[in-house]
Amino acid sequence: MSAGSDTKDQVAALGEKYKYGFVTDIETEMAPKGLNADIVRFISAKKNEPEWMLDWRLAAFRRWTEMREPGWARLRYPKIEYQDAYYYAAPKDKEKYESLDEVDPKLIETYKKLGIPISEQKMLAGVAVDAVFDSVSVATTFKEKLNEAGVIFCPISEAIRDYPDLVRKYLGSVVPVTDNFFATLNSAVFSDGTFVYVPKGVRCPMELSTYFRINASQTGQFERTLIIADEGSYVSYLEGCTAPMRDENQLHAAVVELVALEGAEIKYSTVQNWYPGDENGKGGIYNFVTKRGDCRGHRSKISWTQVETGSAITWKYPSCILRGDDTIGEFYSVAVTNNYQQADTGTKMIHLGKNTRSRIISKGISAGKAQNTYRGLVSVHAKAINARNYTQCDSLLIGDKCGAHTVPYIEGRNPSARLEHEATTSKIAEDQLFYCLQRGLSQEEAVALIVNGFCKEVLQQLPMEFAVEAQKLLGISLEGSVG
Amino acid sequence: MSAAAQREARRTEALDSFRVRGMPHRRFEHWRYSDLRAVLDAGQVAQAGTAKWNIEHLPEGVELFDLSVQDAPEWVMKTLGHVGNRRTMVEASLAFSEGGVALRVPKGKHIAEPIKLEIGGQGNLRWLIVLEQGASATVFEPHAHDAGYLRNVGVEITLAEGAELQHVRCAPLAPRSFTVELMALELAKHAKYYGHFANFGSRLSRTEAHIVLGGEGAEAHLSGVAVLGHEAHSDVTTHIEHAAGKTLSTQLFKHVAGGKSRAVYQGKITVRDGASGSDSRQTARALLMSPRAEADLKPELIIFNDDVKCAHGATVGDLDPESLFYLRSRGIPEKDARRLLINAFLEEAVDVIGNDTLKETIWHDIEAALPRAMEAAK
Chain Z
263 MSAGSDTKDQ VAALGEKYKY GFVTDIETEM APKGLNADIV RFISAKKNEP EWMLDWRLAA
323 FRRWTEMREP GWARLRYPKI EYQDAYYYAA PKDKEKYESL DEVDPKLIET YKKLGIPISE
383 QKMLAGVAVD AVFDSVSVAT TFKEKLNEAG VIFCPISEAI RDYPDLVRKY LGSVVPVTDN
443 FFATLNSAVF SDGTFVYVPK GVRCPMELST YFRINASQTG QFERTLIIAD EGSYVSYLEG
503 CTAPMRDENQ LHAAVVELVA LEGAEIKYST VQNWYPGDEN GKGGIYNFVT KRGDCRGHRS
563 KISWTQVETG SAITWKYPSC ILRGDDTIGE FYSVAVTNNY QQADTGTKMI HLGKNTRSRI
623 ISKGISAGKA QNTYRGLVSV HAKAINARNY TQCDSLLIGD KCGAHTVPYI EGRNPSARLE
683 HEATTSKIAE DQLFYCLQRG LSQEEAVALI VNGFCKEVLQ QLPMEFAVEA QKLLGISLEG
743 SVG
Chain C
10 MSAAAQREAR RTEALDSFRV RGMPHRRFEH WRYSDLRAVL DAGQVAQAGT AKWNIEHLPE
70 GVELFDLSVQ DAPEWVMKTL GHVGNRRTMV EASLAFSEGG VALRVPKGKH IAEPIKLEIG
130 GQGNLRWLIV LEQGASATVF EPHAHDAGYL RNVGVEITLA EGAELQHVRC APLAPRSFTV
190 ELMALELAKH AKYYGHFANF GSRLSRTEAH IVLGGEGAEA HLSGVAVLGH EAHSDVTTHI
250 EHAAGKTLST QLFKHVAGGK SRAVYQGKIT VRDGASGSDS RQTARALLMS PRAEADLKPE
310 LIIFNDDVKC AHGATVGDLD PESLFYLRSR GIPEKDARRL LINAFLEEAV DVIGNDTLKE
370 TIWHDIEAAL PRAMEAAK
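One line per chain: the protein sequences are Z and C, in this order.
Take the numbering used here: the last position of the first sequence gets the number 745, and nothing is skipped along the way.
Take the numbering used here: the last position of the second sequence gets the number 387, and nothing is skipped along the way.
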């Protein structure tokens, strides 16, 4: 049997059970099902939010009721019943924890299964973790060290109370309330999320990371992240997630806003491994995310790196607005889809300032019956003198039932700008596979090696802690499905 | 049902379909760079009348049928209104035109002399060509300058097994007109289509080709140039569907945009799941000569099969400053140097035209259009 047809057989035989599929049974406090102005008020009240925040949410909600769900992406899924979901769930509220021992042991157990370094591991990993469990942040570590540097790293609900001026100034300034259907929904009902502020000239002393986890059944997760890097500062933020196995589709609509002021740099890395549904396409997370970075000051830089292996539906376009002169935007992406997964993901690079530069490297891997689409826009406005873009989109197909699509938009309005786009679509070369097998590697090892090589340019961009996890994830996602 | 009655029925259908869909606008993904509804309403299209066609000399061996005659023979009836999917402007050209022309090259015939099909005047028009098994021909389709306010042409081309068609379309500058030409092509086994689209722009110009490579080994090779100045607009949109195995498509488009012009290229390639061993290559490049000009490129790949080779490349930019410097250091004045480099840029896309006389005709038009394209906006 040839290597190619062997690979296809194994795709068909895929039955890898989701490793992180478990449910923690803790009491959750839920808002009633459905979405209306009262639910928005309920969420706001739960968070003890100030009046202006409630008004902001209500305005978003009113707007949302007039909006229609976008249908332009190459995604097929059953109609989402927005009135049939819960919009708020919080882990049982305890007054205060003296130490980790007081935290619900089941919660700690969950973190352990996920490998979140919250106890001893946190010291070894050297990562400050602001763990989000079902929308409410329960543990924040390394606060002191960050405090020393003047970095604010806290749940956004806390930031709304403690730093209202900063939040009011920047929230919704990158992704406006009216931006799109999912972002507007998020603006109305976001439960919690992360807030980061790095003051002028500060280099954040550690990688910041948050682990999201969707837990309660039928609960949409609406995270809101806002990161502000003040003049000349630097921050690297890591986001990673897994979710328990579930039959009903779960809706996730997060919004991430990044603001880089003059000379600042933000590096945002994601490893996404939410439940993708079973081998028959049942269940799985619906992930509709709006991520956007604004290089507001001159010489600022925003870099997105993502490894997307999970979710039944991925709708995600981390973008950069290159507003300042000499700003840089980067997008490195690996998207793996298997079984019935569908991903429509890419980026937008909007060149507004002079000498702005952007680079897009996208690697799509499609196996089983999955559909994987890269959709990207590079737009150079008339004043963006000497703008430069390089885009490379490569797709790898594994099996003859899957699809890989590339939909780039390239719009140039300045003659001094240079835009280059390249894309290829291919399968794993038989000769590469043969070479590896002939050297004594198993088919599975060989494919993992080739796929890792295919994604190398992106994986290199990840911080150390994540690079290891991402490589493992690629292996797990394609385990049994290739080679 | 008589042929005339059938035609009438199909026409009524087209009319209803156009009424339902209406004018294409930028919310239609494929019309995002050419908003026809913003500049033209459906009533104007309906009242534009019928455009003119002319074939001065019909090469021997080619059959011609005038579509203004209602009782059409079977080969016309099988094709007219049946090739490709029913896009709204195609329906309009069928519903509102009173005439047009149908051509057929019988089995095994090779027509060496190009068929010169001139298109002129204002209004809707249909033309079609059928190449039977193993036949070959060349169609040269020059358009006249004056298109009134609108010219909307619908074209159907079917190539039977092993047939080969060369098609060179040349649309000169029509600064006051809206010009639309939508082509639908079906290729059987081992049929080959070589299409060249030269565009010099209009107020809104749309050239669209939908090509279905329906039989194994079918090939489509597209090339084209757009040389635009002032406020000219040119939108070339292609969709090549690899529906059978071992099919091949290549595309090479070079656009030069000066003044306040806008050059658009949208190229979509679909590889169906059964189309194993297909190969598809696509290159689109645009040169911007002025700070007010705009180039939009959208090369799209939709792939449902792993046994394919697909690649596309797209660039937007100015002339390479190093090349320019080199030429100037040899004593060539800047303007001449720029012109040389633009010629070199376009040459690749013109060179693929298989007929030398037609190649010269296109070069002649390019030379005439270049000074305009090299101007910056006033």
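If you're looking for bench data, these hints aren't it; they were derived computationally from the structure.
Warning: the hint list may mix true and false statements.
As the list claims (entries may be wrong) - Derived lysine-lysine pairs resembling DSSO-like cross-links, with alpha carbons at most 30 Å apart:
| # | chain 1 | residue 1 | chain 2 | residue 2 |
| --- | --- | --- | --- | --- |
| 1 | Z | 689 | C | 125 |
| 2 | C | 255 | C | 198 |
| 3 | C | 198 | C | 61 |
| 4 | C | 277 | C | 344 |
| 5 | Z | 341 | Z | 663 |
| 6 | C | 116 | C | 198 |
| 7 | C | 344 | C | 118 |
| 8 | Z | 734 | C | 318 |
| 9 | C | 201 | Z | 689 |
| 10 | Z | 663 | C | 368 |
| 11 | C | 269 | Z | 689 |
| 12 | Z | 645 | C | 87 |
| 13 | C | 269 | C | 344 |
| 14 | Z | 663 | C | 318 |
| 15 | C | 318 | Z | 610 |
| 16 | C | 318 | C | 344 |
| 17 | C | 87 | C | 269 |
| 18 | Z | 544 | Z | 431 |
| 19 | Z | 610 | C | 344 |
| 20 | C | 368 | C | 125 |
| 21 | C | 201 | C | 344 |
| 22 | C | 201 | C | 87 |
| 23 | Z | 544 | Z | 645 |
| 24 | C | 318 | Z | 631 |
| 25 | Z | 645 | C | 255 |
| 26 | Z | 631 | C | 116 |
| 27 | C | 277 | Z | 718 |
| 28 | Z | 663 | C | 277 |
| 29 | C | 277 | C | 318 |
| 30 | Z | 616 | C | 269 |
Violated hints - listed by number, lowest first: Hints 1, 3, 4, 7, 10, 11, 12, 16, 17, 18, 19, 21, 23, 25 and 26 are the ones this structure does not satisfy, whereas the remaining hints hold.
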